[in-house]
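If you're matching them up, the sequences are chains C and E in order.
Under this note's numbering, the first residue of the first sequence carries the number 11, and numbering increases by one thereafter.
Under this note's numbering, the first residue of the second sequence carries the number 2, and numbering increases by one thereafter.
Worth flagging that the hints you see were computed from the coordinates, not collected in a lab.
Among the hints, a few may not be true.
Unchecked claim - Residues from chain C that face chain E, not an exhaustive set, calculated with beta carbons under 8 angstroms:
#1 ILE147
#2 LEU167
#3 LEU171
#4 SER172
#5 GLN249
Claimed, not checked - Computed footprint of chain E on chain C; a stretch qualifies when at least three of its residues, placed anywhere within it, have a C-beta under 8 angstroms from a C-beta of chain E:
#6 52 to 60
#7 80 to 93
#8 177 to 186
#9 209 to 222
Glycine included, every Cβ here is placed at the ideal spot set by N, Cα and C.
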Amino acid sequence: MTEKALNMPAVAAKKKHRTWTVPQIILGLFIFIFSMICLLPFVNILALSLSSKSAILRGAVSFWPVEFETTAYSVLFNDSSMIRSLFFTIGITVVYTLFSMILTILLAYPLTKKRLRGRKAFNLLALFTMYFSGGTIPIFLNIVELGLVDTPWALILPGMLSTYNMIILKSFFTSLPNELEEAAIIDGANDFQVLLKVYIPLSLASLATLTLFYAVGKWNSFQDALYYIRTKKEFQPLQLKLYNAIQSATRGAEISAQEGMGAQELSTKTSESIRPATIIFSTLPILVVYPFVQRYFVAGVTIGAVKG
Amino acid sequence: MTVNAAKPAKKKIHWFRRDWRLYVMLILPVAFYLIFCYKPMAGIMLAFQKYNPVVGMWGSKFIGMKNFEDVMKLADFKPALVNTLWLNLLGLIAGFPVPIVLAIMLNELKAIKFKKVSQTLLYLPHFLSWIIIGGMVLQIFAPRTGVINALLMKWGWIDKSIPFLTDGPHWQGTYTFIGVWQSMGWGTILYLSAITGINMELFEAAKIDGANKMQQIWHVTLPGIRSTIAVLLILNIGQMMNISFDRPFILKNAQVRDYCDVLSTFVYRIGIEKAQYARATAIGLFQSLVGLVLISSANFTIKRLGEEGIW
Chain C
11 MTEKALNMPA
21 VAAKKKHRTW
31 TVPQIILGLF
41 IFIFSMICLL
51 PFVNILALSL
61 SSKSAILRGA
71 VSFWPVEFET
81 TAYSVLFNDS
91 SMIRSLFFTI
101 GITVVYTLFS
111 MILTILLAYP
121 LTKKRLRGRK
131 AFNLLALFTM
141 YFSGGTIPIF
151 LNIVELGLVD
161 TPWALILPGM
171 LSTYNMIILK
181 SFFTSLPNEL
191 EEAAIIDGAN
201 DFQVLLKVYI
211 PLSLASLATL
221 TLFYAVGKWN
231 SFQDALYYIR
241 TKKEFQPLQL
251 KLYNAIQSAT
261 RGAEISAQEG
271 MGAQELSTKT
281 SESIRPATII
291 FSTLPILVVY
301 PFVQRYFVAG
311 VTIGAVKG
Chain E
2 MTVNAAKPAK
12 KKIHWFRRDW
22 RLYVMLILPV
32 AFYLIFCYKP
42 MAGIMLAFQK
52 YNPVVGMWGS
62 KFIGMKNFED
72 VMKLADFKPA
82 LVNTLWLNLL
92 GLIAGFPVPI
102 VLAIMLNELK
112 AIKFKKVSQT
122 LLYLPHFLSW
132 IIIGGMVLQI
142 FAPRTGVINA
152 LLMKWGWIDK
162 SIPFLTDGPH
172 WQGTYTFIGV
182 WQSMGWGTIL
192 YLSAITGINM
202 ELFEAAKIDG
212 ANKMQQIWHV
222 TLPGIRSTIA
232 VLLILNIGQM
242 MNISFDRPFI
252 LKNAQVRDYC
262 DVLSTFVYRI
272 GIEKAQYARA
282 TAIGLFQSLV
292 GLVLISSANF
302 TIKRLGEEGI
312 W
């Protein structure tokens, strides 16, 4: 390595020597393997979704499509219930995220004001819910009593406010200098105006982080849909549709296992590339946005850990 | 006397007049907590009642601990409890050290671009729902057509496909592996930020004393992130009784029924599917109380060992 480097032009050799020493190469190799373990499953699923049924059943598809076809996607895009579910999920996510952000800001801001009477009590009211909850069934019965079952509100209202996210925002608000508020008050601003015109414009990066936390959480949530959307098919979010698609395939496999059928016979019951295509379809929105917003998430985790 | 009484009254108007807008802001969040968090807590009394859906929980009869006794007698309860603890323990043993090792390796890596790209890939699984991951797992670990079995057979490493999802112990291994896979990258973030917080002079001093890279990691980096490790360990132990719903629910199948039923899926089955609300509530309460005991004792132990703890 060193000898080889010496023969290279001076600048390149110097740089090469500094970054890629033998221990660094071994380290990089380990990290590379870990990264591939995270990436390759997606590549496999993508390849499966673009391969023919017979190729999948032969077990011939690994990381590149075999006998390329896009039938699965055209089936998927012609399934109007799937497209409707996609838009419904987007709608739910947008409304939920908006409500969540409003509530989070409205709670975090007053709690940063030391002059507020009863601040400790309000704080405790919020924090206690992090350590103790009613439990699955009482929460379920509460939603039933409120008449939210089989309405989109069952997916929006119950989890609107995350105490954890509120703490992140609170610690950010606290880090802003007090003088900003004092100056605004001297200029005649009231609390609403201070919040809207001083605090919110200064916290856009933090607010973006929390918006993403809420949006991804809602996009991925499944349990609430399973519990609360009992009969109304039009209110099934994507995750529930995906679950049903996976489940029907698995049930097929179980029946065949019990009846002693081979994989070949089972195949006729479920079309093999539809399932991977559905997975890609419901992951795509996240995969597209993810590389651009990832740094906001990382910032949020770090703030929450240091100050929460 | 009258003077004294008048003074606080005047002051009272003063703070409310000054801050009423802040209280207006608090109305919606407080209403949220009362309706969606505190109201269900009253529902815990279901655990001690013979629930009658006609009169609801405010009219149902109290029957003491009978629900708890009934639950203990259910044939499915003990396996669900044992599986919950076992799967959580496996997850802790296999999953807890990985982000620490990975964070230290990432921290030592000098190629910035390569590091950034790797981190992006490593964080990715954290952003996917368990339903999506479950779907991928069923595909990838499938007996004959799944890519893992297919490749291993093609290379001649195995003759018979490995029953990743259809044999009990294998299923538990797969379940654990996927958990590690999903959280290892994301778990590094906290450790990486803790490592960044270590005083650089300590590394310089260690170098001057002739410490090599491994010795620096052992004597400076690891002690530097010790309190982060302690806090995360407490939080993990506090969660031993709780198991997420989505992951076991999507991965379970009939062939491994005795290995994959856990408390969360058990509560779903008897509470939601069979509508035995009182019994399911009793299990939930049992879980919360054990959870509180676990987290308190873990916190106590860690404090005894000289770390900061979480309260």
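To see whether the hints hold, each was checked on the structure:
With 8 angstroms as the threshold, the beta carbon of ILE147 of chain C comes within range of chain E, its nearest partner Cβ sitting at about 4 angstroms, so the hint holds. Residue-level restraint check for LEU167 of chain C holds (minimum Cβ-Cβ distance to chain E is 7 angstroms; threshold 8 angstroms). A hinted interface residue such as LEU171 of chain C counts as satisfied when its beta carbon comes closer than 8 angstroms to some beta carbon of chain E; here the least separation is about 5 angstroms, so the hint holds. With a least beta-carbon distance of about 11 angstroms to chain E, the hint placing SER172 of chain C at the interface is violated under the 8 angstroms criterion.
At a threshold of 8 angstroms, the smallest CB-CB gap from GLN249 of chain C to chain E is about 5 angstroms, leaving the interface hint in force. Given as covered by chain E, the segment 52 to 60 of chain C passes the check, having 4 residues with a CB less than 8 angstroms from a CB of that chain where 3 are the minimum. Residue count for the segment 80 to 93 of chain C with a Cβ under 8 angstroms from a Cβ of chain E: 0. That is fewer than the three needed, and the coverage hint is violated. Coverage of the segment 177 to 186 of chain C by chain E is violated in this model, with 0 residues showing a Cβ closer than 8 angstroms to a Cβ of that chain against a need of three.
Only residues whose C-beta sits within less than 8 angstroms of a C-beta in chain E count toward coverage, and the segment 209 to 222 of chain C has 0 of them, not enough to reach three; the restraint is violated.
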